[in-house]
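S.K.: Chain residues, written in single-letter form:
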Amino acid sequence: MQEKIRNFSIIAHIDHGKSTLADRLMQFTGALTEREMRDQYLDKMDLEREKGITIKLQPVRLNYKARDGRDYILNLIDTPGHVDFSYEVSRSLAACEGALLVVDASQGIEAQTLANVYMAMDLNLEIIGVINKIDLPGAEVQKIKEVMENVIGLPEEEIIPISAKLGQGIEEVLEAIVQRVPPPPLAEKGEPMQALIFDSYFDSYRGAISYIRVVAGEIKKGEMIKMMANGKSYEVAEIGVLSPHMTPVESLQAGEVGYLAAGIKNVADIKVGDTITKTINPALKPLPGYKEVKPVVFCGIYPLDNNDFERLREALEKLSLNDASFVFEPENSVALGFGFRCGFLGLLHLEIIRERLEREYGMNLLTTAPSVVFKVVLTNGTEMMVQNPNLWPATAKIDHVLEPYVKASIMVPEDFIGAVMQLCQEKRGDFITMEYLSTDRVIIKYRLPLVEILYDFFDALKSRTRGYASLDYEIIGYFRSELMKVDILLNGEIIDALSFIVHSEKSYHRARGIVAKLRKIIPRQMYEVVIQAAVGSRIIARESIKAMRKDVIAKCYGGDITRKKKLLEKQKEGKKKMKQIGNVEVPRDAFISVLELDNE
Amino acid sequence: MLHERQVEALLEPIIKECSLSPQVEITMEANPLNLDLQKIEALKLAGINRFSLGVQSFQLRELELLGRMHKPEDAFATVEALHQAGIRNFNLDLIYGIPNQSWLDWLSNLKKAVDLAPPHLSVYLLQAEPGTPLAQSLDRGQYLALCEDEEERFYYQGLEFLQENGYEHYEISNVCRQGYQSRHNLIYWDAEEYLGLGASAVSFIGNIRTRNQNSLEAYLAEVLRSGHMDREILEVMDHRALVADAIIMGLRKTGGISRELFVKRYGVDVMDQYGAVIKDLIQMNLITTDNHRIKITAKGYFLSNQVFYRFLP
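Line order of the protein sequences matches chains A and B.
Going by my numbering, the first residue of the first sequence is number 1, and it counts up by one from there.
Going by my numbering, the first residue of the second sequence is number 601, and it counts up by one from there.
Treat the hints with care, since some could be wrong.
[Said to hold, decoys possible] Here are the simulated distance ranges between beta carbons:
| # | chain 1 | residue 1 | chain 2 | residue 2 | range |
| --- | --- | --- | --- | --- | --- |
| 1 | A | Gly574 | B | Ile614 | 42 to 48 angstroms |
| 2 | A | Ser204 | B | Thr732 | 20 to 26 angstroms |
| 3 | B | Arg661 | A | Pro523 | 31 to 37 angstroms |
| 4 | A | Glu528 | B | Phe676 | 42 to 48 angstroms |
| 5 | A | Pro523 | B | Met871 | 25 to 31 angstroms |
| 6 | B | Asn700 | A | Glu528 | 56 to 62 angstroms |
| 7 | A | Lys318 | B | Gln757 | 44 to 50 angstroms |
[Stated by the list, open to error] Distance condition first, Cα-Cα at most 25 angstroms in a straight line; then the derived DSS-like pairs of lysine-lysine:
| # | chain 1 | residue 1 | chain 2 | residue 2 |
| --- | --- | --- | --- | --- |
| 8 | B | Lys671 | A | Lys572 |
| 9 | B | Lys671 | A | Lys570 |
| 10 | A | Lys555 | B | Lys671 |
| 11 | B | Lys899 | A | Lys546 |
| 12 | B | Lys671 | A | Lys566 |
| 13 | A | Lys575 | B | Lys671 |
| 14 | A | Lys165 | A | Lys220 |
| 15 | B | Lys712 | A | Lys572 |
| 16 | A | Lys576 | B | Lys879 |
| 17 | A | Lys550 | B | Lys895 |
Simulated from the structure, these hints should not be mistaken for laboratory data.
Everything numeric in this text was worked out from a predicted model, so none of it was measured.
Backbone N, C-alpha and C fix where the C-beta goes; we use that ideal spot for every residue, glycine too.
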């Protein structure tokens, strides 16, 4: 059995054609009928389609009759392509023996892709190099082959040139998978069952569903299983394979990939990377590599209408059923009332959750500016992790502060070395190294505060390098920093939801920028509004918005009452997008748009 | 503009068939260019007893900017003709907030208007409706619109001037000599029923607002064919919407609305139904109340949308 199975994933940068290739593989092997064939089948969610990114991976089983005349089962485990989800990528890779590295023939290899390839190599995966989009006019197949050989060590002659769009080279890829990816290791009789969870989602009928790779032993419907991370046990209600539709089977053997439903209520109980074993003859140790994924970016999410608090809680609970890496807990803001502090893997993750809350649950939300988790060491020696600026201790109590740093790898044509370095210096970066990947392409490494790359770093990087730069980063730990809290006041009242933590050298500039921005986005009110920024009791910036003087329909007679009332209704609707704070109405976007300062 | 014989033909059956009150108000709206003594006398004979003139301004620059065809002297001549014809009851429309208008420009317009002794004046803030040539010129930056602080000053100081000259301010944009309130317009602000005849005229009957067919040909064809007006429904209001409508229209009057009248007409005490809204608005100094009436404050006139939208259902 095992020798006919090949488990593989696809590593590719966004837009390099991963989804198109996956579609072609499915089409070629008949996993999808022509009728079902629609572009990019694997990317299910609307959001993914819109943003052109893959967030969730979905495994697919392909039945392939190879040139040797034998039938193979190829399990394709798709991977997300964004740095926010690198742990999920690592667990998907851990479920495979091989990976296709797909590189765009005119773009070349990107930093994020490189990071994932190294991850796959660390897991001893067989890497099959594929150059896609060879039909495009700008294709530089030979040059990219050389880079792949130099940087990753793939022999040039083994790299497969394809055009997923035109369907060229698809069979060669399938053959390479069969011939070069090793089959899963042989199961030993009687060994305890172990299965790796590499993804999960919530199905309203069957509960939490996990995607698993059976690593050892065999799992059957009806058996009792145990999650090794938390020790909870369940009875297997259904197991099956995805071909690509869910197809129940009686059992899954070592080496096989499929799904499992066991009446589990919460995806938090089936954590990605966890090991499933059986209650009878359990494995002694879990599979390596499991870790608790900790959110690194936090923000407050509040219902615009305070009465929607419970509805928001329900929506968050439902979403977290589907996404164990997203956390939330209730919090309370003087300005905004009751809401939730939510933790995310990164800004994209935040944006996805926020959009899903609004689209799928019809919530009208207000989001506060995202922040990282700071470590504050108090004068009495205790340490505090601060993920909400409002919990920042008084200056007198602070001994020193640390903030999370990342090691950023930026790949760029050498013409832009200066631009990249300048940007990194502006963002408080420390240069680490620079290496040439080929004669005209370099990888520059910098140590940077996470908070600096969160907001607009990537956009700035793209614009200063005319789109050529690519970025990858990993968190490397906490380092000491001169940070302070800045409060924003409206008519003398601190608006807690607008407080932020900033490096002391940037505090004045940023405070002035935010105050000016708020002046622009808060509409005139019935009263004058004074906007101030303060460090402690010291005001460091001030602007004011004059009181509204005119809001009148001068002419209103019989013929136009209906139309004039529509204007009033529009005005009433507009108020729904405002948050009343004290006597000031603040547009809900104010809380997040203060982030977009540097773009102006 | 209708010929005086057409007006006569229009009014004759109404005067004949309906028992009109001796105080009936029959107003003709006109542009100063279109009236002369002879015409006014003919219209008076046909039954017109009140005229409303679209004077807008007494300055050539402003009239041109507004796209008006008449000249300041046309307005003087027409008012003179009204006096000669013995028409005492007439209104002048004026516009303020015209691009580049100064306070002295506006004051001069007001003075000239008052000198003509109209018993009624409508003073409107210029609204550059989207798509009009004026709005386009403003968008192109050809003219500089006044800022809202200036518009507000022109409004309140203008009202003050008119009141000093014996005019009573009775609706956001309307003033009159005592006893000369526009009876026709009060129907709208009192949320009473009205019947609109003719193409694109609006009617409000019961809880339904309708508008007649816009095309004159189609309107006439339907009236001749079936004896009915072809009309579209603009609004069908439930009880709450009717009450809100009456409040919003009623609060346009400086006298405000009567709680007793609302109880009588709608079975609703406004103070009960809108207690929280009214409390907020009082706090903002936009309305005042006593046991009988709810009124907009002077501050509230120019901010009245802030009051009105809060009453929408």
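S.K.: Indicate, hint by hint, whether the structure satisfies it.
M.R.: These are the hints, each one checked on the structure:
Taking 42 to 48 angstroms as the suggested C-beta distance range, the pair glycine 574 of chain A and isoleucine 614 of chain B conforms, at roughly 44 angstroms. The hinted range of 20 to 26 angstroms is not satisfied by serine 204 of chain A and threonine 732 of chain B, whose Cβ atoms lie roughly 54 angstroms apart. Look at arginine 661 of chain B against proline 523 of chain A: about 33 angstroms separates their beta carbons, and that is inside 31 to 37 angstroms. The supplied range of 42 to 48 angstroms is met by glutamate 528 of chain A and phenylalanine 676 of chain B, whose beta-carbon atoms lie about 44 angstroms from each other.
A beta carbon spacing of about 30 angstroms between proline 523 of chain A and methionine 871 of chain B agrees with the range 25 to 31 angstroms that was offered as a hint. Checked against the hint of 56 to 62 angstroms, the C-beta distance between asparagine 700 of chain B and glutamate 528 of chain A comes to roughly 28 angstroms, which is inconsistent with it. For lysine 318 of chain A paired with glutamine 757 of chain B, a C-beta distance near 59 angstroms fails the hint of 44 to 50 angstroms. Between lysine 671 of chain B and lysine 572 of chain A the CA atoms are separated by roughly 41 angstroms; this puts the pair beyond 25 angstroms, and the hint is violated.
The hinted pair formed by lysine 671 of chain B and lysine 570 of chain A fails the criterion: a straight-line CA distance of about 38 angstroms is larger than 25 angstroms. As the CA atoms of lysine 555 of chain A and lysine 671 of chain B are separated by approximately 24 angstroms, the hinted pair is consistent with the 25 angstroms bound. About 16 angstroms separates the Cα atoms of lysine 899 of chain B and lysine 546 of chain A, which keeps this hinted pair within 25 angstroms; it holds. Only pairs whose Cα atoms come within 25 angstroms are accepted, and lysine 671 of chain B paired with lysine 566 of chain A is rejected, the gap being roughly 36 angstroms.
About 44 angstroms separates the Cα atoms of lysine 575 of chain A and lysine 671 of chain B, which puts this hinted pair outside 25 angstroms; it is violated. This hinted pair does not check out: lysine 165 of chain A and lysine 220 of chain A have alpha carbons roughly 40 angstroms apart, beyond 25 angstroms. Using a Cα cut-off of 25 angstroms, the hinted pair lysine 712 of chain B and lysine 572 of chain A is violated, with the two alpha carbons roughly 40 angstroms apart. Of the pairs offered as hints, the one joining lysine 576 of chain A and lysine 879 of chain B holds, with about 20 angstroms between alpha carbons and a cut-off of 25 angstroms not exceeded.
For the suggested pair lysine 550 of chain A and lysine 895 of chain B, the alpha carbons sit about 18 angstroms apart, so the restraint of at most 25 angstroms is met.
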